[in-house]
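Enquirer: Each chain is listed here by its residues.
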Amino acid sequence: MTPLLQVKNVAKMYGARIGCTDVSFDLYPGEVMGIVGESGSGKSTLLNSLAGHLTPDRGEVIFDTRTEGPVDTVTMSEPERRMLSRTDWAFVHQHARDGLRMSVSAGGNIGERLMAVGDRHYGSIRERAADWLGRVEISESRIDDRPSAFSGGMQQRLQIARNLVTGPRLVFMDEPTGGLDVSVQARLLDLLRGLVREMGLSAIIVTHDLAVVRLLADRLMVMKDGHVVENGLTDQVLDDPQHAYTQLLVSSVLQV
Amino acid sequence: MIELKNVSKSFTLHNQGSAVIPVMENASLSVEPGECAGLIGASGAGKSTLMRVIYGNYLAASGSVVVGGVDVAKAQPREILALRRETLGYVSQFLRVVPRVATLDVVAEPLLAVGTPVEQARDKAASLLAQLNIPERLWGLSPTTFSGGEQQRVNIARGFAHDYPALLLDEPTASLDAKNRATVLGLIEGAKARGAAIIGIFHDEAARAQVCDRFVDVSGFSPKAAA
Amino acid sequence: MSDYNFAYLDEQTKRMIRRAILKGLAVPGYQVPFASREMPMPYGWGTGGVQVSAATLTPDDTLKVIDQGADDTTNAVSIRKFFEKTAGVETTEETEKASVIQTRHRIPEAELTEDQILVYQVPIPEPLRFLEPRETETRKMHALQEYGLMHVKLYEDISQHGAIATAYAYPVKVEGRYVMDPSPIPKFDNPKMEMAAIQLFGAGREQRIYAVPPYTQVVSLDFEDYPFEASKAEHACDLCGSEHSYLDEVILDDAGNRMFVCSDTDYCRSRREAGHSGRLSEEAA
Numbered sequence: 001m002t003p004l005l006q007v008k009n010v011a012k013m014y015g016a017r018i019g020c021t022d023v024s025f026d027l028y029p030g031e032v033m034g035i036v037g038e039s040g041s042g043k044s045t046l047l048n049s050l051a052g053h054l055t056p057d058r059g060e061v062i063f064d065t066r067t068e069g070p071v072d073t074v075t076m077s078e079p080e081r082r083m084l085s086r087t088d089w090a091f092v093h094q095h096a097r098d099g100l101r102m103s104v105s106a107g108g109n110i111g112e113r114l115m116a117v118g119d120r121h122y123g124s125i126r127e128r129a130a131d132w133l134g135r136v137e138i139s140e141s142r143i144d145d146r147p148s149a150f151s152g153g154m155q156q157r158l159q160i161a162r163n164l165v166t167g168p169r170l171v172f173m174d175e176p177t178g179g180l181d182v183s184v185q186a187r188l189l190d191l192l193r194g195l196v197r198e199m200g201l202s203a204i205i206v207t208h209d210l211a212v213v214r215l216l217a218d219r220l221m222v223m224k225d226g227h228v229v230e231n232g233l234t235d236q237v238l239d240d241p242q243h244a245y246t247q248l249l250v251s252s253v254l255q256v
Numbered sequence: 257m258i259e260l261k262n263v264s265k266s267f268t269l270h271n272q273g274s275a276v277i278p279v280m281e282n283a284s285l286s287v288e289p290g291e292c293a294g295l296i297g298a299s300g301a302g303k304s305t306l307m308r309v310i311y312g313n314y315l316a317a318s319g320s321v322v323v324g325g326v327d328v329a330k331a332q333p334r335e336i337l338a339l340r341r342e343t344l345g346y347v348s349q350f351l352r353v354v355p356r357v358a359t360l361d362v363v364a365e366p367l368l369a370v371g372t373p374v375e376q377a378r379d380k381a382a383s384l385l386a387q388l389n390i391p392e393r394l395w396g397l398s399p400t401t402f403s404g405g406e407q408q409r410v411n412i413a414r415g416f417a418h419d420y421p422a423l424l425l426d427e428p429t430a431s432l433d434a435k436n437r438a439t440v441l442g443l444i445e446g447a448k449a450r451g452a453a454i455i456g457i458f459h460d461e462a463a464r465a466q467v468c469d470r471f472v473d474v475s476g477f478s479p480k481a482a483a
Numbered sequence: 484m485s486d487y488n489f490a491y492l493d494e495q496t497k498r499m500i501r502r503a504i505l506k507g508l509a510v511p512g513y514q515v516p517f518a519s520r521e522m523p524m525p526y527g528w529g530t531g532g533v534q535v536s537a538a539t540l541t542p543d544d545t546l547k548v549i550d551q552g553a554d555d556t557t558n559a560v561s562i563r564k565f566f567e568k569t570a571g572v573e574t575t576e577e578t579e580k581a582s583v584i585q586t587r588h589r590i591p592e593a594e595l596t597e598d599q600i601l602v603y604q605v606p607i608p609e610p611l612r613f614l615e616p617r618e619t620e621t622r623k624m625h626a627l628q629e630y631g632l633m634h635v636k637l638y639e640d641i642s643q644h645g646a647i648a649t650a651y652a653y654p655v656k657v658e659g660r661y662v663m664d665p666s667p668i669p670k671f672d673n674p675k676m677e678m679a680a681i682q683l684f685g686a687g688r689e690q691r692i693y694a695v696p697p698y699t700q701v702v703s704l705d706f707e708d709y710p711f712e713a714s715k716a717e718h719a720c721d722l723c724g725s726e727h728s729y730l731d732e733v734i735l736d737d738a739g740n741r742m743f744v745c746s747d748t749d750y751c752r753s754r755r756e757a758g759h760s761g762r763l764s765e766e767a768a
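Protein chains in written order, with this note's numbering: chain G, 1 to 256; chain Y, 257 to 483; chain C, 484 to 768.
FYI, nobody ran anything at the bench for these hints, they're computed from the structure. Note that the coordinates shown come from a computational prediction; the quantities given were computed from them, not determined experimentally. Errors might be hidden in some of the hints.
Which bits of chain G does chain Y cover? Going by a derived footprint, with three or more residues having C-beta under 8 angstroms, they are [as the list claims (entries may be wrong)]:
1. 188 to 194
2. 208 to 222
3. 229 to 240
Some residues of chain G that are not near chain C, with every Cβ distance over 10 angstroms (derived) [claimed, not checked]:
4. R17
5. T55
6. P79
7. R82
8. H121
9. D144
10. Q247
The beta-carbon is built from N, C-alpha and C at its ideal position, and this holds for glycine as well.
Between the sequences and the hints, there should be enough to build the whole structure, so can you do that?
Expert: Printed below as a string of structure tokens:
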């Protein structure tokens, strides 16, 4: 099986300071990988470098495209990369307002990616938008409301619907449950888990919440000071951490 | 089916003066299809640790842990996940589920993961829950709110939903009444009859005697005191 | 003649603007940046159109200026006077006689010819602006033809009003490539943009010039199930009886009486001179 994403020695510097460095891994279709670490550990830098929001200073990010097979997305042309990010990739931001158009209705937000790839039939766009609202547990009657009228959890679910409507194969998530209260988080996690299973999505989830990765991620990468310090099966890394930093991280979690 | 060779395990506590705590040495063990091996030894001797090493939850420090042809000690995460999905079942003492998911779906999930049609998976889940005397009115609720005994039975139903060729059972009969205990032992015997290789921990001696073909004393794997 | 350089602007500036115009014609619908000058009138009063007209006019030209189709409104009158004074060119109200027509918010009813140039005043040249505030991003979207967002605007229209409610500044795609704002003309005028005359667009404050060469394909954006419709008031002109011209609604009294008249005053006048009449012709005359 060809990995969906092959990351080879990716590094991103901010001047002399290390954003992230020497990151390599393969992500296979259907695999969900969590990246954990404290603030400033380089996990968001890494995510943005992989998703094409930042240009890595070194390394390759090879994506298995539908038409041409594995291609290095760092060196591919910008139009190609932007096309990938509309069709095969999705990016779920921590703050829904960064990923939504707040002045456009929920239906319009979901429909945008469809229209961006050439869908020109209002009725079918609306039908698919309504279907996706249902799948993220938002009442269809809210289709013409703007996201500013939605709660934080609903905004986040809308963002997810907007991202998944074109059937992407790889989803990047940056703290998808950050800033939501616990009960809303649980609902969102359950939803994400279901969608990941159902659509066979591969995902890379950046979070500092170990409970989130335990529920969602098959495997885990632990970062500290821009370096990957540990990498493995999620429950193994959490239950039998090998690296000093991971042990500290795991033992720091409050038990409920 | 399950074969351990010279497995050792130690914990290094980096944040407590890098203390190294050896917990297992030279563990070797082999379980054939249709066979049930019972782990025995005093509390703290390392029965659960051994089981977790086999499941891949703990990383073996050395040696090989081959289950269904895959060396868990060296395999990639996705290989271990595939093994857990298809081949290796584990009934732990604690139920760990996503909040909000209905009991019936919790039990059906391992079947769905191997591609069983939804209807069929739910039928199987329903029949297991019924066998284990979980009232039908609870099936639509999340098991997170259930009593300890009910959670344990849901956990067992889930562990027996898919016919795993290899099974790890950690105290499956603890905290069960006689009737449910008999049901669980029946399930274990059924699994043996279809050829599953089973490793179990049973504190209940009668249960142990009924299903286990032989015993492995894990005290034998304890690191020898550096005397 | 006056003490002004011909048509107010100095020759270097006109040369710079002509370069922008030529580039605009070469890349139909593409917004060419240009160094817009201060003009002796406020932004929003057609400074972009005036600069394009100034760079386009020759002493032999005949100029017509309309505002919302009318030759006699403040904006039209002051710009016409401006060029009479600074360029000394002939001016006219008759569409057929003009070689350069500067317009705000209308295309004349009479069909334009290959000998004519239509100059539009443009307030906001970027059709994507209301949905995407970042200029860096809109430029990239044009460059990569990422126009899905334009349809989001139309989608919003239909979802809120049941039909595409955008009635003016209706976005078009030029020659299958650039999406362009046709300036705030009514969408009734959109189909006329595939014409024989040269169309030039000037946005003074925003410093952009763009163009549509003669006989260029101009398609109004729409959905398959909500096709574009060039709409107008369902009336005939009350003065000339025309059923095919774009109409203004005029309130007549406090009792709610109203009349519909051609917004193109020259068209209406010429029809009446040719003997056509409408519902209120007698009273008005």
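Enquirer: Return the numbers of the hints above that this structure violates; sort them in rising order.
Expert: Failing hints, ascending: 6, 7, 8 and 9.
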